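There are 2 protein chains.
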Amino acid sequence: MPIDKVLARIDETMPEAVERLMALLRIPSISTDPAYKADTARAADWLVKELTDLGFEASARPTTGHPMVVAHHRGAGPHILFYGHYDVQPVDPLSLWDRDPFDPELQDGPNGKVIRARGASDDKGQLMTFVEACRAWKDVHGTLPGNLTLFFEGEEESGSPSMIPYLKEHGDELKADLALICDTGLFESAIPAITTMLRGLAKVEFTVKAASRDLHSGMYGGLAQNPIRVLTRILGGLFDDQGRCQVPGFYDDVDELPDTVRAQWQALAFDHAAFLGGVGLSEPAGEAGRTPLEMIWSRPTAEINGIWGGYTGAGFKTVLPAEAHAKVSFRLVSRQDPEKILSAFRDWISAQLPADCELVWSEPEGSPASTMAITNPAFEAARAALSEEWGVPAAYVGCGGSIPIAGFFQQILGMDAMLIGFGRDDDQIHSPNEKYDLASFHHGIRSWARILDRIAG
Amino acid sequence: MPIDKVLARIDETMPEAVERLMALLRIPSISTDPAYKADTARAADWLVKELTDLGFEASARPTTGHPMVVAHHRGAGPHILFYGHYDVQPVDPLSLWDRDPFDPELQDGPNGKVIRARGASDDKGQLMTFVEACRAWKDVHGTLPGNLTLFFEGEEESGSPSMIPYLKEHGDELKADLALICDTGLFESAIPAITTMLRGLAKVEFTVKAASRDLHSGMYGGLAQNPIRVLTRILGGLFDDQGRCQVPGFYDDVDELPDTVRAQWQALAFDHAAFLGGVGLSEPAGEAGRTPLEMIWSRPTAEINGIWGGYTGAGFKTVLPAEAHAKVSFRLVSRQDPEKILSAFRDWISAQLPADCELVWSEPEGSPASTMAITNPAFEAARAALSEEWGVPAAYVGCGGSIPIAGFFQQILGMDAMLIGFGRDDDQIHSPNEKYDLASFHHGIRSWARILDRIAG
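Chains as they are written, first to last, in full-length UniProt numbering: chain R, 1 to 457; chain E, 1 to 457.
In isolation and in its complexed conformation, chain R is listed as follows:
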C-alpha cells in the first residue's frame, strides 16, 4: 500500500527531518520583542522557501505585525487548512537554560531522545510534523496530497493582533472544509487525542470604593466602611457549599455532556491523583458530583485570579483603605455568552454593595467556548489513523484553556477544526529548557501521513 511506502520514507529520512527542524529552531523568532522583528520575518521566509521547494505556491503576507505564511496546493478533494505558528515565547530567565535556547541539540532524556530548544514543542516541532508528512508523501506519490492550504502565524505568542482582520479580509482564500490545528498535546503524554471542546474565557478587573481616602482604624475602625470587608464578603459568597457559582443564570447555557463523550472520558481513566499530586494537592476542589475531567474540560469556572487592597508591605498599618480590588475570570462552556456572564456578575455584585460603596468595572473581555461538531467523518477517520499509529485508541478530549484560533475559525470562517498535537506534559513550553520528544516528532509526522491518507482527496 502506498501509505506503507510513505511511512517507510518518513522512517528513512528522520535524520534529515530533524536537521530541517533544527534549522528553523536556530531562528530566534520571538514575536513579542521588537528586537527580534527581523528574525521573525526570517523564520517566515525560511518556511516560504521550504514550502516552495516542496511544490506549494507559498508566500509571506505582510500584516501590521509579523507576516502570515500562506501556501496552497490545489489538488482534488475537500479543501483542508492546516494551522501552526512559527513564532516562539521569550527565553527569560536565560540563566535557567542548560544551553543556548536557539542552539538546538538532540539529547538523551530519561524517556528517550529529545530535541532541546525554544519552540521545539511550541510550535515549530509540531508544525514541521505536517510539513514533513507532506514531503514524504510527495517523495512517494510524486505530488502533494489533496487540496491543501498551509497557514502559519507569526504572532500567536504575542496575542495574535493581526489575526482577526486578516481572516476577515482573506476569508475566501482561507475558508476550507476542515481546519487542522497542531498546537495541542497527547493526553497524559501517551494517548493520541483530538481536542473537540475548548473552554471560553471572560475576565474583568473591578474595584470597590468606600471612603474618599485611607482611614486610621484607631479613629474610624468599627464605624466606617472597609472595602476589603465588602469585597471579601461578596467574593466569599461566590460559591455555595457544593462549589456551584452563585451568579444568577450562570449555568443557564451550560449543556450536560453527551453520553457518548461521557463514556469516552470515563474510559480514559484520568489519574487525577497524579495530576493534582504533581502540584502538591490531593482533592478535587470543584463542583460536587462532577468528575475531575468534567471540572477541567466541560464545566464552567469562576476564579479569583488576583485580589489586593490596604497595606500589603512589611510590618503593619492599621488602615481602612479607600478601595479594594480583584481580578476575576470565568472559563466558559457550551453556549455561555461572555458578555451576558460578566453583566450578570456585575449585577450580582452591585446588588450586594452596602451604602457608601461604589463599584468601578474595568477591562471586561471575553470569548465563548468552542465545541467541534464531530459528525464530520474526518474526525472518525483521524481517530482511526491515530489509534493505528500509536497502538492505543485515540480519544476525543476537552481542553480547559482557550485556543483562540479555533474560535476565530468557527466564528469568522464558519469552519470546525480538528485539534491534533503531539506535545507532552513535560515539554516545558514557555519555560526554560523546552524540548520535544523525538518520538513525538517521528510519530507526529507518521500520524499526519496516515490522517492525510484517509481524509485528503
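Simulated from the structure, these hints should not be mistaken for lab results. Since we're looking at a predicted model, the values are computed, not measured. Possibly wrong hints are sitting among the right ones.
Mimicking DSSO-like on lysine-lysine, the simulated pairs with C-alpha atoms at most 27 Å apart in a straight line are [unchecked claim]: (1) LYS49(E) <-> LYS317(R); (2) LYS317(R) <-> LYS175(E); (3) LYS37(R) <-> LYS340(E); (4) LYS340(E) <-> LYS317(R); (5) LYS340(R) <-> LYS317(E); (6) LYS49(R) <-> LYS37(R); (7) LYS317(E) <-> LYS168(E); (8) LYS113(R) <-> LYS5(R); (9) LYS37(R) <-> LYS168(R); (10) LYS138(R) <-> LYS49(R); (11) LYS49(E) <-> LYS209(E); (12) LYS209(R) <-> LYS175(E).
Derived contacts from chain E toward chain R, CB cut-off under 7 Å, selection only [unchecked claim]: (13) LYS203; (14) ALA211; (15) MET219; (16) GLN225; (17) SER282; (18) ILE304; (19) ILE374; (20) GLY391; (21) VAL392.
For each residue, glycine too, the CB sits at the ideal point set by N, CA and C.
Given chain R, put chain E in place with the hints provided.
This is chain E only, laid out in the frame that chain R set:
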C-alpha cells in the same frame, strides 16, 4: 485668689511662653532617623536646662535609644507624674510644607493664630503647656506646685523601645498617685475632654497556602484549590448581618458601657454625619444597635487592613496562585485579652480550612485596652477645672486608638492616668504643615494651672 494671679501671670507672659516653645520647636528631634540622634539629645538637654532653671531637680537619663528626661519637685501632697514626649515625626514629604518645618512661625489662621512647625501640637506644644503652668505658678507662689515628677520621652514616635525596660527599672522613682498624660485632643476640636477609655490592639498577618506553585487556570481551573477563594470565603464570614464578629468568644470579655458614661456620651451629641461626611461616607457601618461613639470608643472591632494574592499588576494573568495573604487587626476593649483573641481567630480560620490548605501565622502582636478608674476624685476635680476654663462642660471620652504609655503605666506601675490634651482635629499631626492653635496653647497652660490648683498639695 492666688489662682487668679497665676492665670493673670500666664496671660501677661504669653509672648515669652511662645518664644520658649519656638526655641524647642527649632530642634529637629526626629527620633526614628539616626541622622537626628544628636538633635534629639539636644532637645532633651534643652528641657533639662529649662526645668533646672525653674527649680526642678532635672536630668537626662541615658537609654539604649534616646534619653528620658526626669525632673522632680518634692513638695507636699499626692505624687503626680506628668508625661509628654519631646521627639517628633519625620517631615517627608518636605515639598508639601509651606515653610521649613523646624522654623516655627506664629501665623494667622481661619480660626485665629496658630504656631506652625513640626511638633507644635504633637507633642512639644502640649508638654510645654504643663511646663508653662508650673512656671507661672512659681512666679506667683515662689515655689513649684505639689509633689511633682515630670517625665519626658524621646522615642514615642519610634515605637518607645526603651520605655518598658525603663519603667521596670525605675518603677520606685516614677510610680505616683496619679499620672497626667498630655498627648490627646479636645473633643470635636472644642469641648475639653478627659480620655478614660483606650482601645487595645491585636494584629496578625497570615497566609493560606494550597498548591506547591502557581497554576494556570486553563489547565487546573475548576479542579484545583484556589487559596484566594478560601481566604475570601473565610474572611467573608467574619461578620454576621448585624455586623458582629463571628470569632467564637470574641465578645466574652466585653463589658457594656456603664449607664453614667452612656448618658455622658449621649449628651455629647456627636455629629457622626459630619465625622463620616468629611471622608466621603454617610452611614455607620459597624454593629447594629450601637451608637457611633460606642462603635469607635467602646466596642471591639475586627478589620482587614490588607489583603493580597495572585496577579495584581496591569492586564491579566489567569493564575490560580499558590498562596493568599491578609493582615487583620482587632481593636480591643474591656477585659479582652490579645493572645486569647488571636488564638480564637486562628482556631476559627483553621476549622474552616478545606483539604490541601495550610495556614501560616506570622507576626501576632497585641496590647489590651485601658479603662481608667474615674473614682479617683482628681478626675472630677480636673473636669470641673476644665469646664471652668473652657466655658463648656468637660467630657469623659473614649479613644478608638491606642496610647501605649497609658497601658504601660497601668500594667507596670499600677497607676491610672488622666489623659488631657488640647489638640484639634485639624492640627495635621504626622502630616505636612502641622500647627497648634495659640488658643490651645494659652488655654492649655491655664487649664493645667487650674487643675494643679485643685489636685496638687
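Checked hints:
no. : hint                    : result
1   : LYS49(E) <-> LYS317(R)  : violated, 37 Å
2   : LYS317(R) <-> LYS175(E) : violated, 32 Å
3   : LYS37(R) <-> LYS340(E)  : violated, 62 Å
4   : LYS340(E) <-> LYS317(R) : holds, 22 Å
5   : LYS340(R) <-> LYS317(E) : holds, 22 Å
6   : LYS49(R) <-> LYS37(R)   : holds, 19 Å
7   : LYS317(E) <-> LYS168(E) : violated, 54 Å
8   : LYS113(R) <-> LYS5(R)   : holds, 25 Å
9   : LYS37(R) <-> LYS168(R)  : holds, 24 Å
10  : LYS138(R) <-> LYS49(R)  : holds, 16 Å
11  : LYS49(E) <-> LYS209(E)  : violated, 58 Å
12  : LYS209(R) <-> LYS175(E) : violated, 48 Å
13  : LYS203                  : holds, 5 Å
14  : ALA211                  : holds, 4 Å
15  : MET219                  : holds, 5 Å
16  : GLN225                  : holds, 4 Å
17  : SER282                  : holds, 6 Å
18  : ILE304                  : holds, 4 Å
19  : ILE374                  : violated, 22 Å
20  : GLY391                  : violated, 26 Å
21  : VAL392                  : violated, 22 Å
Of the numbered hints listed earlier, those contradicted by the structure are 1, 2, 3, 7, 11, 12, 19, 20 and 21.
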